[in-house]
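Based on these hints, arrange chains B, C and D on the given structure of chain A.
Number of protein chains: 4
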Amino acid sequence: MKVIVDLCIVPIGVGVSLSPYVAACEKVLSQAGLKVVLHANGTDIEGEWDAVFAAVRQCHEVVHGMGAPRITTTIKVGTRTDRIQTMEDKVKSVKSKLGEVRIEGA
Amino acid sequence: MKVIVDLCIVPIGVGVSLSPYVAACEKVLSQAGLKVVLHANGTDIEGEWDAVFAAVRQCHEVVHGMGAPRITTTIKVGTRTDRIQTMEDKVKSVKSKLGEVRIEGA
Amino acid sequence: MKVIVDLCIVPIGVGVSLSPYVAACEKVLSQAGLKVVLHANGTDIEGEWDAVFAAVRQCHEVVHGMGAPRITTTIKVGTRTDRIQTMEDKVKSVKSKLGEVRIEGA
Amino acid sequence: MKVIVDLCIVPIGVGVSLSPYVAACEKVLSQAGLKVVLHANGTDIEGEWDAVFAAVRQCHEVVHGMGAPRITTTIKVGTRTDRIQTMEDKVKSVKSKLGEVRIEGA
Numbered sequence: 010m011k012v013i014v015d016l017c018i019v020p021i022g023v024g025v026s027l028s029p030y031v032a033a034c035e036k037v038l039s040q041a042g043l044k045v046v047l048h049a050n051g052t053d054i055e056g057e058w059d060a061v062f063a064a065v066r067q068c069h070e071v072v073h074g075m076g077a078p079r080i081t082t083t084i085k086v087g088t089r090t091d092r093i094q095t096m097e098d099k100v101k102s103v104k105s106k107l108g109e110v111r112i113e114g115a
Numbered sequence: 010m011k012v013i014v015d016l017c018i019v020p021i022g023v024g025v026s027l028s029p030y031v032a033a034c035e036k037v038l039s040q041a042g043l044k045v046v047l048h049a050n051g052t053d054i055e056g057e058w059d060a061v062f063a064a065v066r067q068c069h070e071v072v073h074g075m076g077a078p079r080i081t082t083t084i085k086v087g088t089r090t091d092r093i094q095t096m097e098d099k100v101k102s103v104k105s106k107l108g109e110v111r112i113e114g115a
Numbered sequence: 010m011k012v013i014v015d016l017c018i019v020p021i022g023v024g025v026s027l028s029p030y031v032a033a034c035e036k037v038l039s040q041a042g043l044k045v046v047l048h049a050n051g052t053d054i055e056g057e058w059d060a061v062f063a064a065v066r067q068c069h070e071v072v073h074g075m076g077a078p079r080i081t082t083t084i085k086v087g088t089r090t091d092r093i094q095t096m097e098d099k100v101k102s103v104k105s106k107l108g109e110v111r112i113e114g115a
Numbered sequence: 010m011k012v013i014v015d016l017c018i019v020p021i022g023v024g025v026s027l028s029p030y031v032a033a034c035e036k037v038l039s040q041a042g043l044k045v046v047l048h049a050n051g052t053d054i055e056g057e058w059d060a061v062f063a064a065v066r067q068c069h070e071v072v073h074g075m076g077a078p079r080i081t082t083t084i085k086v087g088t089r090t091d092r093i094q095t096m097e098d099k100v101k102s103v104k105s106k107l108g109e110v111r112i113e114g115a
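Residue numbers (this note's numbering), protein chains in the order written: chain A, 10 to 115; chain B, 10 to 115; chain C, 10 to 115; chain D, 10 to 115.
It should be emphasised that the hints constitute simulated quantities derived from the structure, not laboratory data. If you're wondering where the values come from, they're calculated on a predicted model, not measured in any experiment. Treat the hints with care, as some may be off.
Copies of the same chain look alike in the list, so a pair counts if it fits in one copy or across any two.
Only pairs whose alpha carbons sit at most 16 Å apart, straight line, appear in this in silico EDC-like list of lysine to aspartate or glutamate [said to hold, decoys possible]:
{"id": "1", "residue 1": "Lys101", "residue 2": "Glu70"}
{"id": "2", "residue 1": "Lys101", "residue 2": "Asp91"}
{"id": "3", "residue 1": "Lys11", "residue 2": "Glu70"}
{"id": "4", "residue 1": "Lys11", "residue 2": "Asp98"}
Okay, chain A solo, but in the shape it has when bound (with noise of 0.2 Å):
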């Protein structure tokens, strides 16, 4: 089953500054050979079910392994059987359409 992805990892009580736990998540994420795309809330994830929360996992034993005692994550999950669908594709849906788009009073 494909799954494309938005994992945001916050590590808690480890200070104001998330960014280097954030950069091994990365690390993680394409050492297991995923589609990543990073950005500002998060990082937007393509691959097998199982290949990325098996890395999911990872990132949390990773960022424990960095000293984060707590650990708080969101995960966005989208799935479909009625067709393949790249990250890509999802943000060209959404383009294609704006030209179309009427706002009602706007």
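Positioned in the frame of chain A, the structure of chains B, C and D alone reads:
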């Protein structure tokens, strides 16, 4: 690794009534032997990481099997290495602090 | 516009124990006259859109005021125009379907 | 109060293709003068708290106006008082740390 999760599964393309799909997921989670508490915006789950995420995957499979062509799910995941904490502990911990709260200007 | 919300506020840079901050938010939400149900991974809230989001903003202000330099919050928001639905309705609706669930192969 | 938000609006009861609704929200957000970056699992937004949340409310109104009887939305919200940080800063901060990452056993 123990995990406390909030799971919110939203089938898309099956109309407005989602409760049959959520009920099916409740069944999947219970049959997996996980501690499960349904609330208004999702389901709180406590268990071992691999058992929890295997059950989440099974929820997606079951909901697709019920006819949903697309699913979008939101998962909040908490892990900690400093101490063992149950779902009841989390709620009690907040409630025990309610008496001490002083909000300035309120 | 009525809204049902799940709110999870995570202060960053204040150590591992977050319950005093969550308790303060509970107080803010209750004092705003909102219907509030605390659960293991957040707080379910029911109310009018503007009242709910004004209270969420006040939570951020109060938590920053308590000394948190950074906050990351996750909000799930549900609105519907087809019918009026309370938080209790949502839970009851799922529970009423539990008897009908048949999971293939289970 | 400045805020960086990730917004993911999911209309329910309108079939499987959601891009026209997401495109309408993009328009609402842009017309509100907000900094907006579309990605595969949502839209990153930067702006003042009240302007951002007024636009999010307008997105719900517009999507309901397009015929969606039900909407479920996920919002990640970040605020900080220790320093000013843009969406680009957040991404750059992670990327600058990638070279330093050493994952044990990897």
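Numbered hints the structure breaks, given as an ascending list: 1, 2
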